[in-house]
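S.K.: Spelled out, the chains give:
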Amino acid sequence: MNPSYELPRDEAGYSFGFLDEYAKREVRRAILKAICIPGYQTPYASREMPMGRGFGTGGLQLTLSLIGRGECLKVIDQGADDSVNAVNLRQFIELTCPGVDTTEHTGEATLIQSRHRIPEQPLNSAQVLVLQVPYPDPLVVVEASEAKRKIMHGEGDYSRLLTKLYEDIVRFAEITISHRYPTRINGHYVLDPSPIPRFDIAKLDHSPALILFGAGREKKIYAVPPHTRAEPLVFDDIPFRAEDFNDAQGQRRACQRCGASDSFLDEFSSANGTATFQCSDSDYCNQRVAAGNGVSCEVTS
Amino acid sequence: MRKVLQVSNLGKIHGNGCPRCVASTGPDVGSNICPHCQSVVANAAISFDLHAGEILGIMGESGSGKSTIVKMLFFDEDPSLGEAIFYDNGHQWNLFSLNAAQQRRLRNHRFGIVYQNPHLGLNFNFSAGGNIAERLLMSDLTHYGQIRERARDLLTRTEVGSERMDESPKKFSGGMQQRVQIAKALSTSPPVLFLDEVTTGLDLSVQARILDLILEIQQELGTAMIAVTHDLGVIRLLADRTIVMKNGRIIEAGLTDQILEDPQHAYTQQLVASAL
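Going down the list, the protein sequences come from chains A and B.
Going by the UniProt record's numbering, the first residue of the first sequence is number 1, and it counts up by one from there.
Going by the UniProt record's numbering, the first residue of the second sequence is number 1, and it counts up by one from there.
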């Protein structure tokens, strides 16, 4: 961020949070409706944001509509606080929302905007998680017409989605969806949980924190309200399987930095070509290192 | 005999329609088009009963409105006139006053349909087994092992062969695609099955085997069927009772033997006489 840059307030007259009050109110109404009907894709008038659609405009509009002075915000992208998307969104919010604190610590944040991950540290009931969504409708892979998809959602008809899973098991002996796993909310609507890995699906179920989903390009908002059932779509006799990170010997891999063996791991290729693994959630990893866990590479090398 | 389906005064009008539509079309006028409002009366005043375990044949030339009857009963099209009552395990369902969810339930659980064109009845992006799985999933069976087992049984029974169950019906011959459609329709053991020109376009030996299969199913499962066809041979072989249609009206109805041996209406006489 250029510290000397200031918004041209007198010329453009941006209000707090960039969006005008009417736009924020409309988004808040859509949020309320989405919470009232768990998993239902509520349409809203997605505004033009000063960034391209597909870069998190849906999540950003939710965040800007919810944030107020005294809030503490955390922005993550693929688990990390310091990747490009997260840094840019955080700077934009700092710029347009004076008086808002930002943090990298999950525990301190009251509002968390995330792309592709849910933090490892369990969320609490005072927190709100906002996820950026590229494709809100899980039925889009089996039905092209949105009008027909709406009827299918209304009738709770997800048989074709299950047929897709059936075909997967027939062909590959397992369900091959790695992220965006269709999840049934409160026993009716099936939603696309944004591209979070299967590993994070369990965190949706009965989460004490409110989880909101915003799709800017597709103009939809939906929610998993606190303490609501979230069940991945499965067959009765084939249990849902999350990533287990076991190596060939069946041993759970651990983060090479903090030693955690309960977190979602990213694979890296080291200089000599071997694969190493590290926590995808950078804050979780940092906190564990700060608490004296792990064999820190930086120290030993 | 136990009644399964009672259809009364059913009709479908394409267009705006006017009060004189029904009176000014039909076999007496020789036209389907209402001269007053130009609406097309696909069919009107269709009344019949279907009993448990019987096969009712509906015969008539192209455009006589016979397929439309089946499409309306399967909720593919909304009727303009009339009603139909479905008797099911002591329940009575007035088909056209049900809401969409109830209609979908009946369609998935209690009715089955085999279309002339396999593209209408099957999803060619799924395997043969997947098509059967889709219908079983629609009827709320979500146990993978049971779905596989049921699909394997049905495909064996319909002589598709369980070894080809994981192939796409794209790779199948027309006769085999029709067999997959029949297996799919039968997967939920529906008490009523609609057959819309099932053998049209297939060669004679394949036709005979499909008709055999249909008769076998009727004998074994006691499924009531409505068979729509313009083929007199199919009617003779399958149907216990037959309805003859022309210009959207029923012109003659009765036992199949009676109709084929002693037709009363001039059009039926012409139809029977012109059969090769």
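In case anyone wonders, no lab produced these hints; they're calculated from the structure.
Certain hints may be false.
[As the list claims (entries may be wrong)] Only some residues are given here: those of chain B computed to face chain A with a beta carbon under 8 Å: (1) Ala-101; (2) Gly-130; (3) Leu-137.
[What the hints assert, rightly or not] Taking lysine to any residue pairs in the SDA-like style, the calculated list, with each CA pair at most 20 Å apart, reads: (4) Lys-170/B - Tyr-40/A; (5) Lys-150/A - Lys-170/B; (6) Lys-148/A - Lys-170/B; (7) Lys-150/A - Asn-108/B; (8) Lys-150/A - Asp-76/B; (9) Lys-148/A - Arg-107/B; (10) Lys-150/A - Phe-277/A; (11) Lys-150/A - Leu-213/B; (12) Lys-219/A - Arg-180/A.
[To be verified] Selected chain B positions facing chain A (Cβ under 8 Å, derived; list incomplete): (13) Gly-15; (14) Gly-30; (15) Phe-96; (16) Ser-97; (17) Leu-98; (18) Ala-100; (19) Gln-102; (20) Arg-104; (21) Glu-134; (22) Met-138; (23) His-143; (24) Tyr-144; (25) Glu-149; (26) Ala-266.
Backbone N, C-alpha and C fix where the C-beta goes; we use that ideal spot for every residue, glycine too.
S.K.: Now look at each hint and say whether the structure bears it out.
M.R.: Status of the hints after comparison with the structure:
{"no.": "1", "hint": "Ala-101", "verdict": "holds (5 Å)"}
{"no.": "2", "hint": "Gly-130", "verdict": "holds (5 Å)"}
{"no.": "3", "hint": "Leu-137", "verdict": "holds (4 Å)"}
{"no.": "4", "hint": "Lys-170/B - Tyr-40/A", "verdict": "violated (36 Å)"}
{"no.": "5", "hint": "Lys-150/A - Lys-170/B", "verdict": "violated (29 Å)"}
{"no.": "6", "hint": "Lys-148/A - Lys-170/B", "verdict": "violated (25 Å)"}
{"no.": "7", "hint": "Lys-150/A - Asn-108/B", "verdict": "holds (19 Å)"}
{"no.": "8", "hint": "Lys-150/A - Asp-76/B", "verdict": "holds (18 Å)"}
{"no.": "9", "hint": "Lys-148/A - Arg-107/B", "verdict": "holds (17 Å)"}
{"no.": "10", "hint": "Lys-150/A - Phe-277/A", "verdict": "violated (42 Å)"}
{"no.": "11", "hint": "Lys-150/A - Leu-213/B", "verdict": "violated (38 Å)"}
{"no.": "12", "hint": "Lys-219/A - Arg-180/A", "verdict": "holds (18 Å)"}
{"no.": "13", "hint": "Gly-15", "verdict": "violated (23 Å)"}
{"no.": "14", "hint": "Gly-30", "verdict": "violated (39 Å)"}
{"no.": "15", "hint": "Phe-96", "verdict": "violated (18 Å)"}
{"no.": "16", "hint": "Ser-97", "verdict": "violated (18 Å)"}
{"no.": "17", "hint": "Leu-98", "verdict": "violated (13 Å)"}
{"no.": "18", "hint": "Ala-100", "verdict": "holds (7 Å)"}
{"no.": "19", "hint": "Gln-102", "verdict": "violated (10 Å)"}
{"no.": "20", "hint": "Arg-104", "verdict": "holds (6 Å)"}
{"no.": "21", "hint": "Glu-134", "verdict": "holds (4 Å)"}
{"no.": "22", "hint": "Met-138", "verdict": "holds (4 Å)"}
{"no.": "23", "hint": "His-143", "verdict": "holds (4 Å)"}
{"no.": "24", "hint": "Tyr-144", "verdict": "holds (4 Å)"}
{"no.": "25", "hint": "Glu-149", "verdict": "violated (11 Å)"}
{"no.": "26", "hint": "Ala-266", "verdict": "violated (46 Å)"}
Checked against the numbered hints above, the structure breaks hints 4, 5, 6, 10, 11, 13, 14, 15, 16, 17, 19, 25, 26 and satisfies the rest.
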